[in-house]
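Trainee: Listed below are the residues making up each chain.
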Amino acid sequence: MRQQEKTVLDLFNRRKVSRRDFLQFCAFMAAAIGLESTAVPQIAAALETKPRPPVIWLHFQECTGCSESFLRTSHPILADVIFDLISLDYHETLQAAAGLQAEEAKLKAMTENKGKYILCVEGSIPAGENGQYCTIGGKPATKLLAEAAKDCAAVIAWGSCAANGGLPAANPNPTGAKTVDQLVKGKPVINVPGCPPIAEVMAGVIVHYLTFDKLPELDFAGRPKAFYDHRIHDKCNRRAYYDAGMFAEKFDDEGAKQGWCLYKLGCKGPTTFNSCSTIRWNNGTSYPIQSGHPCIGCSEENFWDNGPFYTHLADMPGMKIGWNADQIGLAATAVTVGGIAVHTAATTVIKGKEKKSEQKGGNG
Amino acid sequence: MPKIVIDPITRIEGHLRVEAQVENNQIINAWSSGTMVRGLELIVKDRDPRDVWAFVQRICGVCTTTHALASIRAVEDALNIRIPKNANLIRNIMLCAQYLQDHTVHFYHLHALDWVDVVSALKADPQATAELAQTISPRWPKSSPGYFKDTQARLKTFVESGQLGIFANGYWGHPGYKLPPEGNLMAVAHYLEALSWQKEVVKIHTIFGGKNPHPNFVVGGVPASLVMDGDNAINIERLNLISGLIDQAVDFVEQVYIPDLLTIASFYKDVTYGGGMGNFLSFGDLPTDDIRNPDSFLFPRGVILNQNLQEVLECDPKDPEQILEFVDHSWYEYEGGQQGLHPSEGQTKFKYTGPKGEYQELDTNQKYSWSKAPRWRGHSMEVGPLARCLLGYAKNQPEWKDGVDQVLKKLDLPATALFSTLGRTAARGIETKITGQYLKRFFNDLIANIKSGDQATFNQSKWDPATWPAEAKGAGICEAPRGALGHWIHIKNKKTFNYSAIVPTTWNASPNDHKGQQGPYEACLTGTPMVDPNQPLEILRTIHSFDPCMACAVHLMDTQDQEVAVVKVMS
Chain A
320 MRQQEKTVLD
330 LFNRRKVSRR
340 DFLQFCAFMA
350 AAIGLESTAV
360 PQIAAALETK
370 PRPPVIWLHF
380 QECTGCSESF
390 LRTSHPILAD
400 VIFDLISLDY
410 HETLQAAAGL
420 QAEEAKLKAM
430 TENKGKYILC
440 VEGSIPAGEN
450 GQYCTIGGKP
460 ATKLLAEAAK
470 DCAAVIAWGS
480 CAANGGLPAA
490 NPNPTGAKTV
500 DQLVKGKPVI
510 NVPGCPPIAE
520 VMAGVIVHYL
530 TFDKLPELDF
540 AGRPKAFYDH
550 RIHDKCNRRA
560 YYDAGMFAEK
570 FDDEGAKQGW
580 CLYKLGCKGP
590 TTFNSCSTIR
600 WNNGTSYPIQ
610 SGHPCIGCSE
620 ENFWDNGPFY
630 THLADMPGMK
640 IGWNADQIGL
650 AATAVTVGGI
660 AVHTAATTVI
670 KGKEKKSEQK
680 GGNG
Chain B
8 MPKIVIDPIT
18 RIEGHLRVEA
28 QVENNQIINA
38 WSSGTMVRGL
48 ELIVKDRDPR
58 DVWAFVQRIC
68 GVCTTTHALA
78 SIRAVEDALN
88 IRIPKNANLI
98 RNIMLCAQYL
108 QDHTVHFYHL
118 HALDWVDVVS
128 ALKADPQATA
138 ELAQTISPRW
148 PKSSPGYFKD
158 TQARLKTFVE
168 SGQLGIFANG
178 YWGHPGYKLP
188 PEGNLMAVAH
198 YLEALSWQKE
208 VVKIHTIFGG
218 KNPHPNFVVG
228 GVPASLVMDG
238 DNAINIERLN
248 LISGLIDQAV
258 DFVEQVYIPD
268 LLTIASFYKD
278 VTYGGGMGNF
288 LSFGDLPTDD
298 IRNPDSFLFP
308 RGVILNQNLQ
318 EVLECDPKDP
328 EQILEFVDHS
338 WYEYEGGQQG
348 LHPSEGQTKF
358 KYTGPKGEYQ
368 ELDTNQKYSW
378 SKAPRWRGHS
388 MEVGPLARCL
398 LGYAKNQPEW
408 KDGVDQVLKK
418 LDLPATALFS
428 TLGRTAARGI
438 ETKITGQYLK
448 RFFNDLIANI
458 KSGDQATFNQ
468 SKWDPATWPA
478 EAKGAGICEA
488 PRGALGHWIH
498 IKNKKTFNYS
508 AIVPTTWNAS
518 PNDHKGQQGP
528 YEACLTGTPM
538 VDPNQPLEIL
548 RTIHSFDPCM
558 ACAVHLMDTQ
568 DQEVAVVKVM
578 S
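So the sequences go chain by chain: A and B.
Following my numbering, the numbering of the first sequence begins with 320 at its first residue and continues without gaps.
Following my numbering, the numbering of the second sequence begins with 8 at its first residue and continues without gaps.
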């Protein structure tokens, strides 16, 4: 197959999309990845001069929820992503070819684009039973990951399973599930946790990378700061009630009906870094706390084992925060500064936590 | 003679491998193998039963509501919790919305490329395509010659770029593709439309459950409050949004999906293979009253054996005589011999005996899959849209009877044509249309109930574990888009003591059982003629007609710690 150097602008021109619409699209992209409008010309320039980067997307121990979330992206919409922005050369849920023909398509994309393709991984990778807990085309997932990672430009670990081990790695981790960055060494890994991640965050990470030709700035856990720099709590629509010490005690009680804070129902918003309360879900329609359910902290490492979901950490033995909802409410009501102190303490605990990736998994 | 192997089967959820013995271009035997396992039922042990829905919801991100629903129903069954009427209606609305999104996406994005030749669409006349579209769906606005010309130009640009992406290496030009170029172009246009459409209908989940995929549920009701005179819960603005989303979703199903399905099917009436053994099972769902009252279900419950539509047998998921799971050809073992076990007593011991490292073929005389083999009174059963359609038809439920009869009449086919790959695909469309009407009905019922003064969405009486008995067992069912789903929980000392699930694809993708009986995929593939065994289009058609969900299908295991392989990449 010939390998033409088509740019995104070329494609837009052929589709008779006006320059104005093209720039509008670039503005959308800027908004999607949290940039000022001054960045629009830079995005436009990038899209005018670059070919569609090849993407190979592997599925391992997963539920396809991350792919489903990606399907939901509203800006840009998925059709524009896979037909105009990237070349999705391997994706088992969407691709036409199966079996040998699918394997050939992947091999060709890897061979022709050495060092250039983005590798996306959805799901954790089982190292137990020498990798036989997940095989594709008769090959263990561990081997498939190594082959694909060898010549990629960077790896994106989609979702909590690929980034943090997720559900398969939850106690007792029966299959020895591993994260991407435990297995891939010597390549940049972007962790995009969440169960699943927000659709527009997924699209934003890809577009950021191909627009600026470099990785987005990552935090200590390898997460893009553009989407994981703040706690859900910081911008929560129920935050005023937390500060005022007004809490729902049960689902559908008077407090819940009034939209009061869900902290006493176990909400993990104060310790969870994600964009749910800013970007929100499904094109800004809502997010869990807005719809009346406490945050379960699904983008945090080990969140499955940090439960139970409906009791706050502070009420559980062995948890480090050391304040229960009543005390926090009291402090917050008494002096706002008290509330801030608690937040700061919680943040310090979370941010200071070393990534426990080396200990995790394997110990079934 | 070597088997032909298709691994990965793509355009499904999860990891499925099919091996088939082909002689004289006909499949004489086939084996289906689930090739990934996570062990989720082991992971939920000792967890708070109120939390378990979130864990098992992640069994599958495609049918994202169904496992959560089955799980909270199992806990509510064990603890005897009755949920408010509004909560039942909201759960039904969420399940119906799931059907519309899931089935439509399956048709266009997972199944259509088995019937639609994308490359042939380049040869279509946009004017003739517009005439075709306007004939089959006069009310759908996007059907001008210009619209199809633009779609064709976009496709041409894409193909000429040399980067074919998801369309690379398809079986384009295979003689099994029968649609004229105009039919192919129309289908490609609707493939793109459906891709944009599907992200809207799921907003119903986002409004009630906060997000999609994986919206939130709660044992005892639903998490959202209804407060018509409040500004911090579901009020009329949110209900209006839902109402609009429902209309938009039903419109697309009725104006685009169903006309496309019937048009495409009319070119494939000779696809009579893929019928299988003719046994069908459904647990039923969509209670208009209470989940404990199967007579109030809109999705029918029952069993049909040997294609006999004259007799519907009773099905009870709790009866230990009826459902047993076998592991003779699955990578598990039961203590005390190889008998089948009812899921409420399920054992969970893993026994991997498959190949070490890379392999070409599985030894299908031995254990060969991570999927177990559930059987109903010893029979291998098909579950899913065809099972529900046939049960509604056999039970003479008017909407199902009419829905099936209309399609048969339109295609000029006898009822026996339903027992085929094409019939299975048609049944999914029939069901989607019926479910769209159910969705409207449940929304109207919700409004009427709120109007009557009832705004309750949650039963608080058993929320506190102190109110629970020391020990309790429960079963929760759900008709997932892919078929009958059951979860069984054993609660002891406020914790999950034992948990097991038999999911639709465990029934459909099951391997051979203790008597050597094939699972439904295997039975349906056997006997299929193939034009070219190197381009296994017919196998993909039949497997896709079931809409496999492999992450669902595989069960749990119990194993030793394993050493960890670290992959070193030299840069």
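In case anyone wonders, no lab produced these hints; they're calculated from the structure.
Treat the hints with care, since some could be wrong.
As the list claims (entries may be wrong) - SDA-like cross-link-like pairs, simulated, lysine to any residue; straight-line CA separation at most 20 angstroms:
hint, chain 1, residue 1, chain 2, residue 2
1, B, K92, A, D572
2, B, K502, A, R599
3, B, K502, A, D572
4, A, K427, A, D399
5, B, K469, A, E568
6, B, K408, B, K501
7, A, K576, B, V166
8, A, K576, B, L202
9, B, K149, A, K458
10, A, K576, B, K363
11, A, K458, B, K502
12, B, K10, A, G456
13, A, K462, B, S468
14, B, K52, A, G457
15, A, K554, B, N239
16, A, K576, B, K10
17, B, K356, A, P491
18, A, K458, B, I11
19, A, K427, B, V166
20, A, K458, B, G361
21, B, K501, A, I396
22, B, K149, A, D532
23, A, K435, B, D452
24, B, K163, A, A398
25, A, K576, B, K502
Stated by the list, open to error - Derived coverage of chain B by chain A (criterion: at least 3 residues anywhere in the stretch with Cβ under 8 angstroms from a Cβ of chain A; other residues may be distant):
hint, segment
26, 11-20
27, 49-55
28, 58-67
29, 170-176
30, 363-369
31, 465-471
32, 476-486
What you are looking at is a predicted structure, and each value in this text was computed from that prediction instead of being measured.
Cβ atoms here follow ideal geometry from the backbone N, Cα and C, with glycine treated the same way.
Trainee: Is B/K502 close enough to A/R599, meaning Cα to Cα at most 20 angstroms?
Mentor: violated, 33 angstroms
Trainee: Assess, step by step, whether the Cα of A/K462 is no farther than 20 angstroms from the Cα of B/S468, and give holds or violated.
Mentor: violated, 52 angstroms
Trainee: Apply the coverage criterion to the segment 58-67 of chain B and chain A: a residue qualifies when its Cβ sits closer than 8 angstroms to a Cβ of the chain, and three qualifying residues are needed.
Mentor: holds (count 6)
Trainee: Do three or more residues of the segment 49-55 of chain B come closer than 8 angstroms to chain A, measuring C-beta to C-beta?
Mentor: holds (count 4)
Trainee: Can you confirm whether the C-alpha distance between B/K469 and A/E568 stays at or below 20 angstroms?
Mentor: holds, 14 angstroms
Trainee: Checking one constraint from the list: CA of B/K149 to CA of A/D532, max 20 angstroms. Satisfied?
Mentor: Violated - the C-alpha atoms of A/D532 and B/K149 are around 38 angstroms apart, more than 20 angstroms.
Trainee: For the segment 170-176 of chain B, does the count of residues with a C-beta closer than 8 angstroms to a C-beta of chain A reach 3?
Mentor: holds (count 7)
Trainee: Between A/K458 and B/K502, does the CA-CA distance stay at or below 20 angstroms?
Mentor: violated, 38 angstroms
Trainee: Is it true that the CA of A/K576 sits at most 20 angstroms from the CA of B/K10?
Mentor: Violated. A/K576 to B/K10 sits at ~62 angstroms, over the 20 angstroms cutoff.
Trainee: Quick one, are A/K435 and B/D452 close enough, alpha carbons at most 20 angstroms?
Mentor: The given pair, whose Cα atoms are some 55 angstroms apart, is violated under the 20 angstroms limit.
Trainee: Does the structure keep B/K149 and A/K458 at a Cα separation of 20 angstroms or less?
Mentor: violated, 45 angstroms
Trainee: Does B/K502 lie within 20 angstroms of A/K576 when you go C-alpha to C-alpha?
Mentor: violated, 30 angstroms
Of the numbered hints given earlier, the model fails hints 2, 3, 4, 6, 7, 8, 9, 10, 11, 13, 14, 16, 21, 22, 23, 25, 32; all others are met.
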